[in-house]
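Engineer: Based on the hints, put chains H, G and Y in the right spot on chain S.
There are 4 protein chains.
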Amino acid sequence: LNRVAVVGCGYWGPNFVRNFSQISDSEVAACCDLSEERLRHMRALYPYVRTTTRLQDVLDDPTINAVVVATPVTTHFRVAAACLKAGKHVLIEKPICPSAREVLGLIDLAEERGLVLMGGHTFLFNAAVVKVREYIENGELGEIYYINTTRVNLGLFQEDINVIWDLAPHDVSILNFVLNARPVAVAAYGRPYIQEAVEDVAFLTLEYPRGIIAHLHVSWLDPNKIRRTTIVGSQKMLVYDDVATLEKIRVYDKGVTVQPHYDTFGEFQLAYRFGDIYIPKVDDSEPLKVECLSFLEAIRKGAISKSSAYEGLAVVEVLEAAQRSVRRGGRMVPVADTLKARRKRRAHRAAARGAGR
Amino acid sequence: LNRVAVVGCGYWGPNFVRNFSQISDSEVAACCDLSEERLRHMRALYPYVRTTTRLQDVLDDPTINAVVVATPVTTHFRVAAACLKAGKHVLIEKPICPSAREVLGLIDLAEERGLVLMGGHTFLFNAAVVKVREYIENGELGEIYYINTTRVNLGLFQEDINVIWDLAPHDVSILNFVLNARPVAVAAYGRPYIQEAVEDVAFLTLEYPRGIIAHLHVSWLDPNKIRRTTIVGSQKMLVYDDVATLEKIRVYDKGVTVQPHYDTFGEFQLAYRFGDIYIPKVDDSEPLKVECLSFLEAIRKGAISKSSAYEGLAVVEVLEAAQRSVRRGGRMVPVADTLKARRKRRAHRAAARGAGR
Amino acid sequence: LNRVAVVGCGYWGPNFVRNFSQISDSEVAACCDLSEERLRHMRALYPYVRTTTRLQDVLDDPTINAVVVATPVTTHFRVAAACLKAGKHVLIEKPICPSAREVLGLIDLAEERGLVLMGGHTFLFNAAVVKVREYIENGELGEIYYINTTRVNLGLFQEDINVIWDLAPHDVSILNFVLNARPVAVAAYGRPYIQEAVEDVAFLTLEYPRGIIAHLHVSWLDPNKIRRTTIVGSQKMLVYDDVATLEKIRVYDKGVTVQPHYDTFGEFQLAYRFGDIYIPKVDDSEPLKVECLSFLEAIRKGAISKSSAYEGLAVVEVLEAAQRSVRRGGRMVPVADTLKARRKRRAHRAAARGAGR
Amino acid sequence: LNRVAVVGCGYWGPNFVRNFSQISDSEVAACCDLSEERLRHMRALYPYVRTTTRLQDVLDDPTINAVVVATPVTTHFRVAAACLKAGKHVLIEKPICPSAREVLGLIDLAEERGLVLMGGHTFLFNAAVVKVREYIENGELGEIYYINTTRVNLGLFQEDINVIWDLAPHDVSILNFVLNARPVAVAAYGRPYIQEAVEDVAFLTLEYPRGIIAHLHVSWLDPNKIRRTTIVGSQKMLVYDDVATLEKIRVYDKGVTVQPHYDTFGEFQLAYRFGDIYIPKVDDSEPLKVECLSFLEAIRKGAISKSSAYEGLAVVEVLEAAQRSVRRGGRMVPVADTLKARRKRRAHRAAARGAGR
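Residue numbers (this note's numbering), protein chains in the order written: chain S, 4 to 360; chain H, 4 to 360; chain G, 4 to 360; chain Y, 4 to 360.
Next comes chain S alone, as it looks inside the complex (with noise of 0.2 Å):
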């Protein structure tokens, strides 16, 4: 039985200990947080869970051995790493630290003592996203042109970080797993509107390879909640609408194709085509449910998660370079590779070294 800490229960930590309650190998074992109203609150709905604002409880408890940690972002380094020293599993929400450097620092820690690192990045546990992955794969949309994203309502305002590293987290998670590639750069244009400094409104471009284009939109001032990403291919056109409860997957068997040019003429030739529409199925059960599940089983076999802390660390070098991007007023620019970079350095120092004998 995984006995589980929850560090932070405030807006989405409480889904956790739900999901983990309710889960047969495992059980809540502590809930953390510095406000005793929200601890209060906690132990209204789970009247039978140890309660504590001191972190140093969840770490001295030998009986738990995995902490999520759900507090804010600017926290996320000082808390997960306490736990990993302490031996704990993490599965730490997203995005995972405010810079690559910290992911990075939390990879080595979780590394050395050969511990479970993951990031919350719950799309990657939505059936709808999965099964884009699998359209995408298996050829159904052709080659991939662009992807155009949403993500936009009225608040949540955050005031220790900015709407792209509140919401884009979760496109950059999505594009990266169902294109199964990275961005190589981004440019990215934002706003503060409501509050000095801290932008609520951006628009961020992506290059991944193969010349396909992301475009994102992230809002925190939008009258309707809209979460729909739109993938065009050179054979089918597919859009997901998170937001729809039913339909949340349509497959539009449209295209373009560009005609052979006829040298007599070398006319104009395009050929539409507007077929059916699909809308498959999707699986209804909660992402939440099955992050958790996932983080359990890599727990089970000691091994790498999906929504590991690698793929965690790719999303917070996009967000990274989009904020310097914003600062340049929407230059392109390229987004770094930590982990290649390093083992480029090691190489580069290893030769040296064997040069220098």
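Just so you know, these hints were derived from the structure itself, not from any lab.
Be a bit skeptical, because a hint or two may be false.
Said to hold, decoys possible - Which residues of chain Y face chain G? A partial, calculated answer using Cβ under 7 Å: (1) R194; (2) Y196; (3) T208; (4) H218; (5) V235; (6) L273; (7) G332; (8) G333.
The beta-carbon is built from N, C-alpha and C at its ideal position, and this holds for glycine as well.
Structural biologist: Only chains H, G and Y this time, still in chain S's reference frame:
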């Protein structure tokens, strides 16, 4: 009675023929097109209308006082200039010309002769757009923060202009009109997927005065036909959906209020407001008909029409800047103000001449 | 070349004028209406078409071989009978006549003279309706359980017929066509709210053979325009929404399977099936044009057209029964089969004569 | 503190457990169900709640002062009567009983003991329904003409009651509430498709006083989940869509005005009005929670609650009449008024006794 010739009877021209046929103080004197097949089609619909493949026939007919130019964009200048020189009033499809320099040339020709020169920016005659402007002008939305527009569908691909020149003129003319302003800078990111070197997907960011941002998504490669404009203000938010048949405008009494900061706490305090939604009845007369009537009225009064060539020039200036930005990888570039620049140049020269005396 | 006269140029007649003008092997020879104003309007649209207020002008013109009757329903018999007697083929708007007896009179006139007599049940020429029939006929929906249709909007109120005679002909003709059957009994409940004694809201229940039930809601008094038909079968379910511009048909792979009862438990066992949704591409040519072409083809071939007067008669028989039911407070009443009854009567009389010899 | 037992923990009962757990002046004292498996499920969710398969345990516990009855309908009377006799306040799921006679029996038991007896007509606690009633009561819709409701989806089939008893209670309770009236007659047409003799599709027509008609469509056999109520008034029209998450109520400023007849012409004159649409913000608190609070308040005050057994009785009277109508092939039958009849009977008997003296 106005006798109107329609030059160019491809996709859009026939709509002018239909409208000027049905308006009581105008009649269609001639249809002109290079394609004999198109002319045959026009004769089938309007057996009594004269058709010709030679523009000269139109120019030479003294009973024709007005010409609609609905030919491919690259021919606009040549055709319109000939008509103006022949003393005809001209209504010219959007975009007026592929360069601001050419538009200016036409403006000069028209002004010298006292002729009406109007751009076919149909949306300025759309009752919903007029209503949107009212909502902004009367302050009901509060301070405007940002505007997001989407104008996408599958096709119709153009071969002589890219999607920016084809679709964005609508949005730019609407934005300039409802904001009663012109953008100072624009960044555009576009990609050609189907035809080499002709962008079929583009994203534009326009910087208007007073910190207002407008973001445009235009595409010929989207499974759905979307024409949606979201306007976010400090008091209310508005969505204008031109694809909706009945409910084109929705006004959301939604917003966020920034609370004054308390010294002692300096806490994060935002108040959300989720209120009623209001869908005003919008007049559903055909915008193109209103445009045609406006053209005839300008002729009658010898006045400058709504959607004058000056507004059309401002649109072209934005498109030119966007095109430059695409070539520079999406970098923000300033929008030229041709008329102001010329006034300055002339003033400068006059001053120089004065000084030289 | 067919020369067609359109008698009645009010709401619907002009659509016939437009279509027969544009079809290559027909031309509109005359427009006939009692209102000089309507004729003026027609001349404005079609300057070359002859107009007249006198039906006799149409009857007397030997170059006219076909007439469309689009006058008020109560005049249908008189006008159509005169046209048939004058040797013209007749296409008559739905419902063909306000009584089955009158329809039968017209059928006899047409048969005696070998003329085409067709009812204007446009929906039989609607590609979506044709597709719905295919889905039913090829068994994809399984056994049909019941059909529910809604045809409501605000207006257009008629003064000479109630909402059942105005709107239900569409649904009855569609149902008879897709089920390839005619109802045996009908119950109808209607109420007049705006005009005295003219029902503007009605609910009809039709009993078709094999236990199939169809329920119709027709109304001139509804805030929304709805034209929706839901067909529930044992295998799949289908929704046909004629207001949708693009997605008119949706096929749901949904259903319930009754499990065989287990002796030991005898428990309540149903298996639900929630599957994919399929939206077939439907041809979007104008149904009225297909109808006009079908009329011309029947003339050419001397054949019975689709939407023949026989189908129109079956519709009127249902409407008459519905009207009787309304008067009797919604009681289920049988639907007469006029032709069958006449055949029986004749057979009986022949037998009687034979016996008398 | 109220100590509540929930009897019946199948589909709906657990929602009561959740609500009474979270309300501060109540706690769940026991969960009772015949199925050991359901009780295991409840213990997993609420480890601290006592569970039992014996109703007697609930009746015998003197600390339990209130019971929720959420068992199958046919057992309602037996369970509720036992609880009332044991001195417990009772909240009983809809429909209260399968016969008016039984409801009356429970009412008598409760009145004799001064106990609260409430029917679980949740929609009476739905903020949208309360708002609809306000719109009708304050005259904004004008005179009510007719109401059309649709409550359909695929499943959940019941085995002990048909679709009328399962789904129509919601609509009848809503209609009685918003119209502040009860129907005088009802016609119902139903058909069983899946289970023998258990109607799964039905259409009901209710005649309310003042000529108001309500038409209901209920079905367990429809591909879409629809819960829509359309109210047509002489001034405005209203649509209440309970499936919509945000825009539950739409008020249409639409209507038809009958013009006074002109003597000279006696012409058909109707004026249509197509105006704005208004979507009021509706409070989104959980109706069931409001219902639970209302039950507790009635207990505290010793008062008759909203959704009292009297309203529940009126609903059952309509269902009984509907059932009779189905058996008679859809004929309109009168709705009994049990309480009024009893009062009359008693008055009669008293008079008879008086006369007999």
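Engineer: Check each numbered hint against the structure and report the violated ones by number, ascending.
Structural biologist: Nothing - there is no hint that the structure violates, so all of them hold.
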